[in-house]
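Undergrad: Chains as they are written, first to last, in the working numbering: chain V, 1 to 279; chain F, 1 to 279; chain S, 1 to 279.
Treat the hints loosely; a few may be bogus.
[To be verified] As a list, the in silico EDC-like pairs of lysine to aspartate or glutamate whose alpha-carbon atoms are at most 16 Å apart: (1) K174(F) with D237(S); (2) K174(S) with D32(V); (3) K241(S) with D237(V); (4) K174(V) with D237(F); (5) K62(S) with D107(S); (6) K99(S) with E52(S); (7) K62(F) with E94(F); (8) K240(F) with D107(F); (9) K241(F) with D237(S); (10) K241(V) with D237(F); (11) K100(S) with E89(S); (12) K99(F) with D86(F).
Rather than coming from a laboratory, the hints here were simulated on the basis of the structure. What you are looking at is a predicted structure, and each value in this text was computed from that prediction instead of being measured.
Residue-level listing of the chains:
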Amino acid sequence: MAFRSLTKTIAFSRFSRSFSAASNLVRVEVSDKSGIATVTLQRAPVNSLNLEILADFKQSLKELEKNKCRGAILTSAFKTFSAGLDINEMYKPEIDRAKKWWTTLQDVYELLYGSSYPTVAFINGAAPAGGCLLSMCCEYRVMVPNSIIGLNETQLGIVAPAWFANTMENIIGKRQTELALTTGRLFSTEEAFKIGLIDEIVQGKEDGINRANAFFSKFSKISPFARNLSKQIVRGDTLKKMSKNRENDLNLFLQTISQDSVQKGLGFYIESLKKKQAT
Amino acid sequence: MAFRSLTKTIAFSRFSRSFSAASNLVRVEVSDKSGIATVTLQRAPVNSLNLEILADFKQSLKELEKNKCRGAILTSAFKTFSAGLDINEMYKPEIDRAKKWWTTLQDVYELLYGSSYPTVAFINGAAPAGGCLLSMCCEYRVMVPNSIIGLNETQLGIVAPAWFANTMENIIGKRQTELALTTGRLFSTEEAFKIGLIDEIVQGKEDGINRANAFFSKFSKISPFARNLSKQIVRGDTLKKMSKNRENDLNLFLQTISQDSVQKGLGFYIESLKKKQAT
Amino acid sequence: MAFRSLTKTIAFSRFSRSFSAASNLVRVEVSDKSGIATVTLQRAPVNSLNLEILADFKQSLKELEKNKCRGAILTSAFKTFSAGLDINEMYKPEIDRAKKWWTTLQDVYELLYGSSYPTVAFINGAAPAGGCLLSMCCEYRVMVPNSIIGLNETQLGIVAPAWFANTMENIIGKRQTELALTTGRLFSTEEAFKIGLIDEIVQGKEDGINRANAFFSKFSKISPFARNLSKQIVRGDTLKKMSKNRENDLNLFLQTISQDSVQKGLGFYIESLKKKQAT
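Sequences are here, hints too, so could you generate the full structure?
TA: In structure tokens form, the structure reads like this:
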């Protein structure tokens, strides 16, 4: 198995030096030498996750999977890793687009959390809410100092779905997850390191990429087939639960955003963001 | 949502300054200013959990839930937090009362572990067995020094039910729970803090209440609706498992106490307690 | 209950000073004084787990269970605790023997992980892969310095089954298990201690046996019945999952070793072992 996978990996490292999906909101560069892909989120200014960037991300992840990627680094083109879900997709939504948006988020989660290849999040800036989720889907997290990360949904009057919570529980345990979610806590880089939410603190981009590659090098003599099966064994229950619950999860989301009180709250929040930007 | 809940909270803080349930074994005081309830167990001398105190506790918890309590501190009127389940309810029991006692305990668990409002246990003295369980149902635990806490059932020849064990696992993990349960370990305050079974060590009542309020203040800008949903997501599996298993759990309990060997053991234990009190 | 069990324990401590199963690959010695059994794996040179040693182990565990053993120490007659599963059982296997081998491994797991009596692994040397599993089935692990332990299956191009992974998760949590399994990490004794994979580092045999006895002494005043029920409550979900999945697990194993690529990989590995031994 190891041998067949290696052949495929070589084919892949020749595949393409760089590609972008339709809307150019996610850039993928593959090193010919290492076969490692760098996946850069680049929806200005803060990688808010709207339908278009999620669709691009999904397409990129599918191509990486198809081409037996040897490893992927997830990072941002900006000073913010990702500000999380784009709240505009929830405010006065067109129902068909809202459905598509949410199911694309589910797809991205399943592709990233269940990827056959190793993944590292180089968290080069703030990673609240959905930004935190994307980084938690990776197998390893390195992060720059003096930044923030966490599932702070309750601070905005909304709720991180069960699969966000389960993903955090798998990293820092049930006790810390409950405290983090109910208080909507944003951890500083240093706090996140102490609690195990991130694995290393890195000094800038070069250090970040080096530490990511150090993680990938742990697999240099490991059969990709055996590696992936082991990952699926550990993550399988969480992925199966999510997969079985997709329809319910979508309905719960649609039901939530159809409530007047939620729309009112989101409206206030969007107004406050506009005022902030105006000053 | 946040807005609707706030209105209700204001209504609640006007609701009542103090109330007690039928038998006066649980006192509830609600601060007009903060809307925080203090729930004091007061069955002399050590808050042994018999049917009457559990029935009062259940009624108090239902009223707090109905009135959208903003937060509750659970504590004791005595130097012992709670000595746990009253062993007299298990010794030569009248079957109907035993059934009612156990189901009331199940009710109290579901109401306290699943409460919509935040809860802090101010553990102002020893909390063995059922006393430990009550504190573990809260979201946060502060405890006075030089005391003890733990599920020590095996020391008495009895067994903490699966839901006691699951509740402990959710706080300190499976590994530590197995060691604690099989050895019937009572942790000192300091050991409990180190292992994460309690969150803070406090110096007396004023400090305890202050730390509890510091915990509640984390939610001052959080939508109670979103907060509660997040809690239900994290605790949901444990609560659902318990709820589905109530009937089996009751039968297992009744079966256990119907055994001669258990009755004999309880008899010896009650005798030894009487001798202790006599000296 | 406690009383009945004690009577049986006394009967057992008279039972036999020493016995060995059919092929003499596992030696069991029971102390008349303490009632504690020492179970020594003795298939030279490194306790590779082939069908015969597993069959002996299974028989020994059944006898210990039947005779209400008070406690068992699992250790090795050699400088290696156990090198793990015997790879020769997977390489060009005779199908009936392969089936019998795997189901015997499943039996050993269920008997050891679910034993009614307390168990300590005195890990007196390297415990990779299946050797690590056996030690993880025990309730307590003490280990000599400067050795190694871990589920390193992926390093050999194979995969630790789900029940190996679950057993590790129950000790060190999901996050650390994923890292350990995907990288096939062998922990040094010191690293294993730090992460909680072992409980104590001991200086040689005398110290190891002393620490094991110190663990057993925690149960000197505990009802064996209540102790065992508590253990079954904590380990029950993992055991039930394994038990329900035995057939699937066997088929997955047979399917895996029937693949050309796996056979090729195992062939290379066996050749490399032969070369090592030749030099």
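Undergrad: Which numbered hints does this structure break?
TA: 2, 7
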